[in-house]
Every structure is written in C-alpha cells, then in structure tokens.
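Assemble the whole structure, with the sequences as input and the hints as a guide.
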Amino acid sequence: MQTLRNPRVGACRGATRSRASLRVAAAAGQVNVLVVGSGGREHSLAWKLSQSPLCSHLFCAPGNPGTETERNVTNVALNVTKHSDVVNFCREKGVGLVVVGPEVPLVAGLADDLQAAGVPTWGPSAKAAQLEGSKAFMKDVCRKYNIPTAAYEKFTDPAKAKAFIHSLGAPIVVKASGLAAGKGVVVARTEEEACQAVDDMLVHKVFGGAGDELVIEEFLDGEEVSFFALVDGEAAVPLVSAQDHKAVGDGDTGPNTGGMGAYSPAPAMNDTIHKQVMDEIIYRTARGMAAEGAPFRGTLFAGLMIKDGKAKLLEHNVRFGDPECQGLMARCDSDLTEAMLRATAGKLQDVKLLWKPEAALTVVLAAKGYPGDYPKGSVIRGLENVTTAKVFHAGTTRNAAGEVVSAGGRVLNVTALGKDVAEAQARAYEAVKQIQWADAYYRSDIGWRAVARLREAASAGKH
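The sequence shown begins at 4 in the working numbering and counts up by one.
No lab work stands behind these hints, which were simulated from the structure alone.
For clarity, every value in this text was computed on a predicted model and none was experimentally measured.
Any given hint might turn out to be false.
[Unchecked claim] In silico DSS-like links for lysine-lysine, alpha-carbon gap of 25 angstroms or less:
{"hint": "1", "residue 1": "Lys422", "residue 2": "Lys359"}
{"hint": "2", "residue 1": "Lys130", "residue 2": "Lys157"}
{"hint": "3", "residue 1": "Lys310", "residue 2": "Lys278"}
{"hint": "4", "residue 1": "Lys208", "residue 2": "Lys147"}
{"hint": "5", "residue 1": "Lys278", "residue 2": "Lys313"}
{"hint": "6", "residue 1": "Lys355", "residue 2": "Lys310"}
{"hint": "7", "residue 1": "Lys147", "residue 2": "Lys130"}
{"hint": "8", "residue 1": "Lys163", "residue 2": "Lys208"}
Structure (structure tokens):
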C-alpha cells in the first residue's frame, strides 16, 4: 500500500522523546508491548502485535480469556483510569510501545500522560481525540476545513432543535454529541420520531452527559464504508477498506448496535474514491487538527457514505473500528509492531503495509436481547473445536470453575479468511456452528452486499 505524505501537516509534540525511545528499542532488538482494552478489537491487536519478532512480550490491560491464551501474551489487572498506575507499570516492565484500543481512555488523556512520561504510545492526545469525543467538534472541523459531510446544526435547547427538524423535514439524523458506545445516533424516518429522539437525549438523558449537546444533520443515503489510516501528524498510511453491519437484524433491520459483523475489502471502495477520501477527508482532517494545535497521531477512522462515486464523512473515530479491526488484523501481512514503533517516532513515511489478497469476514456472536437487556454468565463451549476461523473474545470472563462465560453484549467475534467474501462468509458461519452457547444471537447475513455483487458478476459472466 502506497504511503502518502502531506508536508503541510505539523509534527506531533513528544516526537523527540519517542525517537529516543525507538533508538533504545532498536538497540535492544525487542520491546515489551502493552495493549489497553478488553474487547475483540484488543484481542485481535494483541494477537497480531505479539507475532512480531520485535515484540519481546505483550501485556493486555485488562485483556480477556481469549488474550490470555495467546502465545507470548499476559493479562494484567491494571486500572487504566489511573494513568499514574499505567505509567509506573510501563517503567517497571520496560514497555516500549503502548497501543490504546478504546476511545474512552484516549478522550481521558491516557496517551498524553504516557507520552509525557517518555513512553511511546499509539493513540491521539485528548485534544485530538475530540474528533470522536465530540461530534459537534468534529463537524465544526469539517465545516472549517472543507471536509465533505452532511449539512448540520448543533443544539442544546429542545425547542430550537425541534424547530430545526420541522424546517428541514424527514428523514433526518439526530446524534448525541458525546461518547455513547456507538448507540447515540437515531436515523429518524419521521419528524415525530426525530423530536422524540431530541426529548430522549436532551430531556430524559438516555445517554447521560453524552446527550447534553445534539448534532442534527441531513440524512445521507448510499453505501456505508469504513476507511482507516495511520496518521502521525505528518504522514498518513491508508489501510484496506471494510464494511460494518450496525443494525441488529438481518437485512440491516432493527436498532443500531456497536456492530454485528464486518468484512474486508468493501466492494464499494474503488481507487478513485480511495484517492478522494485521502485527499479531501484524511489529509484535510490532519491539516485541520494541526492548525487547531492538536496534531493527530493514531488510527484515524473515517465512517463514509458513498453515493454516485463520491464519499462524504459520516463521523470520525480515533481508533480502530470494532469489529472491522478483527478482519484487518487477519489480512495484515506486515509487522504491525514495527509500523507502530516507526509511527510513534515520527517515521510513518517509511512504513509500507502489505495485505493478504484474501477477503476477511467477521460474525459477531452477541447475547440474546442485545442491544437492550441481555443475560450474562452463561457457559460457552466448543471454542477449541473451531478450525475454519479465528475466534476473538469480546465480552467474556471465567466463572469460579474456570469456564468461559458471557460477560457483555457482544461476546465473540468469529473471523475467517477466504478467496472472496463468499468463501470467508461460509467459513465463518461453519465456525459459528461449532460453538455451543445457549444464549447466542447473531445475524445470518453478514457480507450480504458483497456476496450479492459476486453473484451478479457471476450471472453476468454466463451471458
């Protein structure tokens, strides 16, 4: 994958310390790595990073029953909300690279405190993490730096928000500005539904403080694609594309979730759109953040809506997507530890990422009832029997007897490779059937758009 460089973007603070740390690590030959988080994204990152010859040992804080079974990986019971504890752990264990998985620690400034202590860290500063922590901030950056996105306005007053809804009409999108675990977005088909969302968020506080401010924007139709790039404030390296399935039900029906599955590559992404996204979204965001005094260093996730060969930005996230990350890690054919070490040292322009030609597909096994109320503690068996896919743990723990049990809404991520999405899909669902878990719920159609395209192409080829 070609590395693109934008000389107009300023350097990140802390780069001098990181370069010095990288020289030390290079001299030693290896570094210890710490992955912060406990979900499927973090399991897949730990799995991939620990394969590097540069990784002496990898720690997960707190990790899960899946990460603890990986070679050269140890779970540690660190309170990552207490940044001094994380810094002290890194000093004690000689950690030469920290990879922060979730958005919450980034918004809370964990990367700032680690960088200030001289610990090379992959993840943006708290100020830069506002791109995800505040949808209002992100949209204002888009407006200021001419990044293509939906027209919008911001509101803290319910009456004014409803007046705007009536002026624009439906369908319309209502978003809680703050972090809401991927659930603070309502795509309203009627004005009444949109006004109810305003009341739910601003008045009834269904998302707590995340809904203190709303972003209300025009509805965009088309096909959603997830686009990722490694950014170090000076350079950007694009990753391969992916497509997430947010809705809980088959055929993209029902309420939105944190993601019920994903696949890579996304057929809707072609070379022309790829270039447009890099030029008009990734680089303009990087330039804008540098100009705002918050140069971005980390994984920049652009959620896109593609229509008529053009992409618009739906939202930015400041970390790998979940469950997109799982497929990306399965397809990555480069040393990710080396790439991130170079990136934290301000040398991302030297990074070339290679990708396996196979497609990847991830099926999420969730607890029945998710994204509403769901049971916890039911035993999961048969994981050792899975042969056609890699199972990443997302919401599991162990009971008193040492058995793996469910502990969250999204519980397991079953990821398979194949020559195309159809083959990856078949292998993933074959693996799903090998898992015995009474409370499991999953969509049966992950990858349906890509598979339909393959069938249409095959049918056209016969005529």
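Hints, one by one, checked against the model:
1. Lys422 - Lys359: With Cα atoms ~10 angstroms apart, Lys422 and Lys359 stay inside 25 angstroms; holds.
2. Lys130 - Lys157: holds (20 angstroms)
3. Lys310 - Lys278: holds (15 angstroms)
4. Lys208 - Lys147: violated (30 angstroms)
5. Lys278 - Lys313: holds (10 angstroms)
6. Lys355 - Lys310: violated (30 angstroms)
7. Lys147 - Lys130: holds (17 angstroms)
8. Lys163 - Lys208: The hint holds at about 17 angstroms.
Going through the hint list in order, the structure does not satisfy hints 4 and 6.
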